[in-house]
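S.K.: Keeping their order, the protein sequence lines are chains B and W.
Note that UniProt numbering has the first sequence beginning at 1, numbered continuously upward.
Note that UniProt numbering has the second sequence beginning at 1, numbered continuously upward.
I should point out that these hints are in silico values taken from the structure, not numbers from a laboratory.
Glycine included, C-beta positions come from ideal geometry on N, C-alpha and C.
Keep in mind that a hint or two might mislead.
With a Cα cut of at most 30 angstroms, we get these calculated DSS-like pairs of lysine-lysine [unchecked claim]:
#1 B:Lys-105 x B:Lys-171
#2 B:Lys-49 x W:Lys-57
#3 B:Lys-135 x W:Lys-43
#4 B:Lys-108 x W:Lys-4
#5 W:Lys-8 x B:Lys-171
#6 W:Lys-57 x B:Lys-105
#7 W:Lys-147 x B:Lys-135
#8 W:Lys-57 x B:Lys-171
#9 B:Lys-108 x B:Lys-190
#10 W:Lys-147 x B:Lys-105
#11 B:Lys-135 x B:Lys-108
#12 B:Lys-171 x B:Lys-108
#13 B:Lys-190 x W:Lys-4
#14 B:Lys-190 x B:Lys-105
#15 W:Lys-43 x W:Lys-57
#16 W:Lys-8 x B:Lys-190
#17 B:Lys-108 x W:Lys-8
Derived coverage of chain B by chain W (criterion: at least 3 residues anywhere in the stretch with Cβ under 8 angstroms from a Cβ of chain W; other residues may be distant) [claimed, not checked]:
#18 12-21
#19 72-84
#20 190-198
#21 201-215
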Amino acid sequence: MVRDRTFGNRVTDIILIVVLIGITLSCILPIWYTLSLSLSSNSAAAAGKVWLWPVDFNLNAYAQILNDNQFFRSFWISTQRVLLGVTLNFIMVVLMSYPLSRTAKELKGRNVFMWILIFTMLFNGGLIPLYLTVKELNMLNSIWALVLVGGAQTLVFNVILTMNFFRNLPKELDEAALVDGAGPWYILFKIYIPLAVPVLATVSLFSIVYHWNEFLYGLIFMSREQFYPLQTYIQQLVVSVDPSTMSEDQYRRLSELSNRTLDAAKIFIAMLPVLIVYPFLQRFFIHGITLGSVKE
Amino acid sequence: MRMKGFAKHYYLMLIPGFLWLFVFSIVPMFGIIISFQYFNPGKGILGSDWAGLEHFKYMFLLKDTQEVFSNTLVIASMKIVANLIAPLLFALMLNELRLMILRRWIQTIVYLPHFLSWVILGGIVLDLFSYNGPVNQLTALFGFQPKLFFADAQLFPFLVVGSDVWKEFGFGTIIYLAALTGINPAMYEAANIDGAGRWRSLWHITLPGIRTTAVLLTVLSLGNVLNAGFDQIFNLYNPLVYSTGDIIDTWVYRTGLLNLQYELATAVGLLKSVVGFLLISVSYYLAYRFVNYRIF
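Please put together the full structure from these sequences, using the hints given.
M.R.: This is the structure:
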């Protein structure tokens, strides 16, 4: 871009850079602070001495987590949930978005199917009916409640994203395959899926993040701590406030009693998987989101 | 074309996914019936006695629900406005930045909080604002008394909106940046040759270039007027701030699942679902009419 290098412009540039960096730091520093808090001593944390570098560096908090069996159990439940959820999401997205990407002439009732999908996305019965349904299905305390309930709610969005991608593929692909005598399953698995890698990667990464982060269903469908996924476990332990703490004094005492370094360590480990998949996620999601949009 | 036998395979592909959605999205919708019943878990939905509109009448008389509805509207509206403006401003600033490496780094970092759960971020935010936390340490430098920020009902809605903007503004810039890359660079060059400075280019080229996107996002956000963000508030609130911070979803959770008033909680949830559904439908229709936006 051609632009004047006047004095005023350069000053604007500098102000711009400073403001942008400031805002950006505000996004990353709280995470960094949590890490440094988790590596500090309890007394330093309580005295408010910890800023962006650990004070009295030690690994006590992490050593304590090693002895916390429930933490590992919950971590494992979350891992299983993510694996099951992502696999199921992938299979269903592929199987649904391909037929729905056909025209209404090729698939009779296509538009009715689409409206049903949209309806399930926009309307829901609310929390209590959902809870009663899962209860009737005898799925309380089962990991399948977590996988299936959450999965059903994110499925439609993922199907629409993938379906729009399929619809934007050139028609000639189908025609060439048909001339060669390919059937629908062959076309789907040998032509469509290989072409859809970016959008399927996006959808799968969204699914990983969703299943890892979701905490409410763990709370309402699991009656005992031993069945909690990690986010629910942390929610109950670190974040939630007992409704009986009614006065400001009690609230303050609660925060003074809490073991801030241990909480920070738990929080940090719980976000680690997301931090690890994030670089991959970032490569795909911007692309994937714009890929799925309807063009015209 | 030999596509005659394809249709039955298409239906076959659709069956598992629709079955899944039927059980976990459609079936719970029928659960809303209990809001018209004296629900008896032993007798089930089919055997319970009818109550007519009694729970709905009770709901409108209850002081709780009025407070909860107005809190929801206030918080959600503030969020809608803030989450439209903040990403727009940030995207415009980022667009003016010509150091490409810095720009990519900034983008990578500001998208991150979107992918972390409110359990994690709630834990971090509560620690930052805790009695001994960094925010109080910082204000102490300026001579302020330490304060329990999240026990202050007056402050709570603003802390909620602020932390939500902090989490989401980065992700919100993606769609604006996509629109900004669609502007033809030749227009800037032409404006420059004609003697237009930075601000005039911004006003006459950049802003008109993203007008459609901004209108679309504004219209679509109308559907969120009743969504104040359950995950966030559930992880940040406490009984001291119920008067300004308790929203429909958190109230439904406590009333239904902790106090076991299934019918009342379902009635309130149903009202929210219906109004929300109407709002979203209207906003989609408006988006379709004005900017030809289609989801499929």
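S.K.: Indicate, hint by hint, whether the structure satisfies it.
M.R.: Here is what the structure says about each hint:
1. B:Lys-105 x B:Lys-171: holds (15 angstroms)
2. B:Lys-49 x W:Lys-57: violated (55 angstroms)
3. B:Lys-135 x W:Lys-43: OK: B:Lys-135 and W:Lys-43 at ~14 angstroms, within 30 angstroms.
4. B:Lys-108 x W:Lys-4: Roughly 12 angstroms separates the two Cα atoms, so the pair holds.
5. W:Lys-8 x B:Lys-171: holds (21 angstroms)
6. W:Lys-57 x B:Lys-105: Given that 30 angstroms is the threshold and the Cα spacing comes to 48 angstroms, the pair is violated.
7. W:Lys-147 x B:Lys-135: Given that 30 angstroms is the threshold and the Cα spacing comes to 43 angstroms, the pair is violated.
8. W:Lys-57 x B:Lys-171: Measuring from Cα to Cα gives roughly 56 angstroms; hence the hint is violated.
9. B:Lys-108 x B:Lys-190: OK: B:Lys-108 and B:Lys-190 at ~24 angstroms, within 30 angstroms.
10. W:Lys-147 x B:Lys-105: violated (65 angstroms)
11. B:Lys-135 x B:Lys-108: Roughly 36 angstroms separates the two Cα atoms, so the pair is violated.
12. B:Lys-171 x B:Lys-108: Holds, at about 19 angstroms.
13. B:Lys-190 x W:Lys-4: holds (20 angstroms)
14. B:Lys-190 x B:Lys-105: Status holds; Cα separation ~23 angstroms.
15. W:Lys-43 x W:Lys-57: holds (24 angstroms)
16. W:Lys-8 x B:Lys-190: holds (20 angstroms)
17. B:Lys-108 x W:Lys-8: holds (10 angstroms)
18. 12-21: With 7 residues closer than 8 angstroms to chain W, the stretch 12-21 of chain B meets the three-residue bar; holds.
19. 72-84: violated (count 0)
20. 190-198: violated (count 0)
21. 201-215: With 5 residues close enough to chain W, the hint holds.
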